[in-house]
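First to last, the protein sequences are chains P and W.
So in the numbering used here, spot 78 of the first sequence is number 78, and the numbers just go up one at a time.
So in the numbering used here, spot 56 of the second sequence is number 1056, and the numbers just go up one at a time.
If you're looking for bench data, these hints aren't it; they were derived computationally from the structure.
Remember, it's a predicted structure, so these values are computed and weren't measured experimentally.
Incorrect hints may appear among the rest.
What the hints assert, rightly or not - Restraint-style ranges between C-beta atoms, simulated for each label pair: (1) P:Gly165 <-> W:Ala1134: 49 to 55 Å; (2) W:Arg1169 <-> P:Leu144: 25 to 31 Å; (3) P:Leu163 <-> W:Glu1096: 56 to 62 Å; (4) W:Ala1074 <-> P:Val169: 41 to 47 Å.
As the list claims (entries may be wrong) - Covered stretches of chain P, as calculated for chain W (at least 3 residues, CB under 8 Å): (5) 96 to 106; (6) 124 to 134; (7) 148 to 160; (8) 176 to 184; (9) 187 to 193.
Ideal placement from N, C-alpha and C gives every residue a C-beta, glycine not left out.
Here's the letter readout for the chains.
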Amino acid sequence: MAGALRKTFVGNLGVNNPVFVQVLGICSTLAVTNMLRNTAVMCLGLVFTTSLSNVTVSALRRWIPPRVRMMVEVLIIAAYVMVVDVALRAFAPEISRQLGPYVGLIITNCIVMGRTEAFALSHAPLVSLVDGLSAGLGYSYVLLAIAVARELLGAGSLWGVRLLGDWWVNWAIMVMAPGAFFALALFIWPINTQWLSRRASAPAAGPERKP
Amino acid sequence: MNPQLGWLTVLFAAVFTNNILLTNYLGMCSFLAVSREVKTSLGLGAAVVFVMTATSVLNWIVYYRLLVPLHMEAFRFIVFIIVIAAFVQVVELVIERVSETLYAALGIFLPLITVNCAILGVSLFMVIRQYTLAQAFGYGLGSGLGWLAAILAMAGIRQKMAARSRVPRGLEGAGITLIVAGIMALAFMGFNGMVNLN
């Protein structure tokens, strides 16, 4: 049991990482990563939502009719996102305003849906919790890494604190839309190359892809 | 946000200066997965245009006529997603009854659309920017058309690329698509300043 938990956890951080390997949920990856602080808040919200919606779906899995399961999953996720949104408005109104619609868009983030659909429906609550938590964390560290690169290059600062001196000329493109696309592609590239060469030597099952 | 903007202006802005895909990054998942061929892209794009326009208007009515008077704005996520899912279901049923060919062309894309973040995103932006009903219509239609334009362009580029160019192995699939999307976003930045929605 402990072995299965560990395998799930490590797998979601590495070989099954939702962003790199499955290229899921990247809408928000791109949108919120121009500032590290907003990214961190977004990640917290996402980890909270994936973990708890996985547990809930898993606990209810025997009672969810297969035909309407997607709808049930979406509603469970939406309920948790509502909690995140209300909490943000109450405790961090400024960040909530900057994140705009992207907190609400956690609902349609393919990672959350994907985990409930692919994992929670067929596993017990505890292991689903670990799966949700690790998928959320695997997503978060990629997001945070991209945010560090974008904010540092694009604004010369981290967490809103200016780090680079006057000699640094901001790469304004990095905090704008095209920079996000380029940054993610450049992050995916080496990791995919590495992963592909490893997979070529030891053929394994391909990643599950969900559009 | 800006009450004097006509719905046509909002529509124009949503296609060019504030393209939902290239400036707000919404609908990326299906964009990456489906943009391999022009024909399927056109099918999905058409379905998105239709559903986006209709749900934007429906959600406007539900939000301002139902949720605001009842002070239940916090429930908008759940209500919006139910409206979208229900609408998609109804459309699926109607299309299935009315036209075989249309169902064959659009049917498989409709279930995907419920979880397309661009659809929900349009409804959420509409609330944040405080659009009027006419502006919400223009924004929904424009965003749909903008998304369609982006995915069609991308599918055309990817078809050419698959035939002619040698992409590094690690960049195949999602990687190169992101880079091309980045270049397209750069090109669309040329429209900046014509109209401003933010």
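These are the hints, each one checked on the structure:
no.: 1; hint: P:Gly165 <-> W:Ala1134: 49 to 55 Å; result: 50 Å, holds
no.: 2; hint: W:Arg1169 <-> P:Leu144: 25 to 31 Å; result: 27 Å, holds
no.: 3; hint: P:Leu163 <-> W:Glu1096: 56 to 62 Å; result: 58 Å, holds
no.: 4; hint: W:Ala1074 <-> P:Val169: 41 to 47 Å; result: 43 Å, holds
no.: 5; hint: 96 to 106; result: holds (count 4)
no.: 6; hint: 124 to 134; result: violated (count 0)
no.: 7; hint: 148 to 160; result: violated (count 0)
no.: 8; hint: 176 to 184; result: holds (count 8)
no.: 9; hint: 187 to 193; result: holds (count 6)
Hints 6 and 7 from the list above are not met by this structure, while the remaining hints are.
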